[in-house]
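Please construct the entire structure, taking both the sequences and the accompanying hints into account.
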Amino acid sequence: AQSVTQLGSHVSVSEGALVLLRCNYSSSVPPYLFWYVQYPNQGLQLLLKYTSAATLVKGINGFEAEFKKSETSFHLTKPSAHMSDAAEYFCAVSQRAGAQKLVFGQGTRLTINP
Amino acid sequence: DTAVSQTPKYLVTQMGNDKSIKCEQNLGHDTMYWYKQDSKKFLKIMFSYNNKELIINETVPNRFSPKSPDKAHLNLHINSLELGDSAVYFCASSQAGDYGYTFGSGTRLTVV
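Top to bottom, those sequences are chains B and L.
If you count by the numbering used here, then the first sequence holds residues 523 to 636, one letter each, in order.
If you count by the numbering used here, then the second sequence holds residues 36 to 147, one letter each, in order.
Fair warning: there could be bad hints in the mix.
Claimed, not checked - No farther apart than 30 Å at their CA atoms in a straight line, the calculated lysine-lysine pairs in the DSSO-like style are these:
1) Lys-54(L) <-> Lys-79(L)
2) Lys-623(B) <-> Lys-75(L)
3) Lys-54(L) <-> Lys-590(B)
4) Lys-106(L) <-> Lys-76(L)
5) Lys-571(B) <-> Lys-106(L)
6) Lys-71(L) <-> Lys-571(B)
7) Lys-590(B) <-> Lys-76(L)
8) Lys-591(B) <-> Lys-76(L)
9) Lys-571(B) <-> Lys-54(L)
10) Lys-623(B) <-> Lys-102(L)
11) Lys-102(L) <-> Lys-87(L)
12) Lys-590(B) <-> Lys-87(L)
13) Lys-44(L) <-> Lys-75(L)
14) Lys-623(B) <-> Lys-106(L)
15) Lys-71(L) <-> Lys-623(B)
16) Lys-590(B) <-> Lys-75(L)
17) Lys-71(L) <-> Lys-580(B)
18) Lys-79(L) <-> Lys-580(B)
19) Lys-79(L) <-> Lys-623(B)
20) Lys-75(L) <-> Lys-580(B)
What the hints assert, rightly or not - Have a look at the derived ranges for each label pair, beta carbon to beta carbon:
21) Thr-527(B) <-> Val-147(L): 32 to 38 Å
22) Lys-87(L) <-> Tyr-561(B): 29 to 35 Å
23) Asn-52(L) <-> Leu-540(B): 47 to 53 Å
24) Lys-590(B) <-> Asn-114(L): 22 to 28 Å
25) Ser-574(B) <-> Asn-52(L): 45 to 51 Å
26) Thr-577(B) <-> Val-147(L): 44 to 50 Å
27) Thr-37(L) <-> Glu-588(B): 32 to 38 Å
Read the hints as simulated data drawn from the structure, not as lab findings.
Only a predicted model underlies this, so the values are computations on that prediction, with no experimental measurement involved.
Every residue, glycine too, gets a C-beta built ideally from N, C-alpha and C.
Here is the structure:
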């Protein structure tokens with residue numbers, strides 16, 4: 523079975539500061555990993571994905587994540603936070619492409635302080 | 036054009052009623068899903084259809100019945116609604132060979 527643990531249900535950073543959202547996964551087979559963002563009262567939008575190519579993945583809105591197999595981690599970072607980054611962020615894992623089942627972490631709420 | 040559209044966006048109903056949520060995607064994807072997001076924001080898969088065939092059926096009460104008339108549509112019918120069914124229900128779609136889902140904007144169901 524696959525699972526995802528997001529460390530910290532709530533992260534607060536100042537505008538312009540580094541954003542680091544932590545995600546650890548458990549999978550018996552090589553995983554595909556994803557980060558999604560959810561703005562209030564909206565659906566989920568794909569930020570970036572790891573599908574066994576480059577371990578450093580760049581996504582939209584200046585976010586990136588690094589797949590570290592030895593640490594079973596896929597942490598999300600952004601060098602400089604913007605007020606518009608305030609949202610809920612979800613890490614997810616799946617086993618295979620196409621008709622895959624995404625298993626989500628519990629989410630991390632990111633708050634940006636002016 | 037909205038890629039994955041769900042209707043209605045909000046649904047308030049009494050316990051015991053039967054209701055349906057509709058989902059349509061215009062992306063040409065061959066797989067569609069229903070996810071439930073509870074009050075703590077936790078997302079869990081309920082069902083998945085691939086070309087109108089049910090391929091994932093998690094431990095969901097029998098009161099929930101998905102129907103896929105064609106690969107662009109996936110509806111969710113809920114019988115005898117209970118208070119615990121209150122949640123946001125998301126429809127999503129994906130294409131074989133691609134990675135990641137496209138989500139709809141959700142249907143907020145409130146059972147009173």
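Here's how the hints hold up against the structure:
no., hint, verdict
1, Lys-54(L) <-> Lys-79(L), "holds, 20 Å"
2, Lys-623(B) <-> Lys-75(L), "holds, 21 Å"
3, Lys-54(L) <-> Lys-590(B), "violated, 45 Å"
4, Lys-106(L) <-> Lys-76(L), "holds, 28 Å"
5, Lys-571(B) <-> Lys-106(L), "holds, 25 Å"
6, Lys-71(L) <-> Lys-571(B), "holds, 22 Å"
7, Lys-590(B) <-> Lys-76(L), "holds, 26 Å"
8, Lys-591(B) <-> Lys-76(L), "holds, 27 Å"
9, Lys-571(B) <-> Lys-54(L), "violated, 35 Å"
10, Lys-623(B) <-> Lys-102(L), "holds, 18 Å"
11, Lys-102(L) <-> Lys-87(L), "holds, 8 Å"
12, Lys-590(B) <-> Lys-87(L), "violated, 37 Å"
13, Lys-44(L) <-> Lys-75(L), "holds, 19 Å"
14, Lys-623(B) <-> Lys-106(L), "holds, 18 Å"
15, Lys-71(L) <-> Lys-623(B), "holds, 13 Å"
16, Lys-590(B) <-> Lys-75(L), "holds, 28 Å"
17, Lys-71(L) <-> Lys-580(B), "holds, 28 Å"
18, Lys-79(L) <-> Lys-580(B), "holds, 26 Å"
19, Lys-79(L) <-> Lys-623(B), "holds, 10 Å"
20, Lys-75(L) <-> Lys-580(B), "holds, 29 Å"
21, Thr-527(B) <-> Val-147(L): 32 to 38 Å, "holds, 34 Å"
22, Lys-87(L) <-> Tyr-561(B): 29 to 35 Å, "holds, 32 Å"
23, Asn-52(L) <-> Leu-540(B): 47 to 53 Å, "holds, 49 Å"
24, Lys-590(B) <-> Asn-114(L): 22 to 28 Å, "violated, 46 Å"
25, Ser-574(B) <-> Asn-52(L): 45 to 51 Å, "holds, 46 Å"
26, Thr-577(B) <-> Val-147(L): 44 to 50 Å, "holds, 49 Å"
27, Thr-37(L) <-> Glu-588(B): 32 to 38 Å, "holds, 33 Å"
Taken one by one, the earlier hints fail for this structure at numbers 3, 9, 12 and 24, listed in ascending order.
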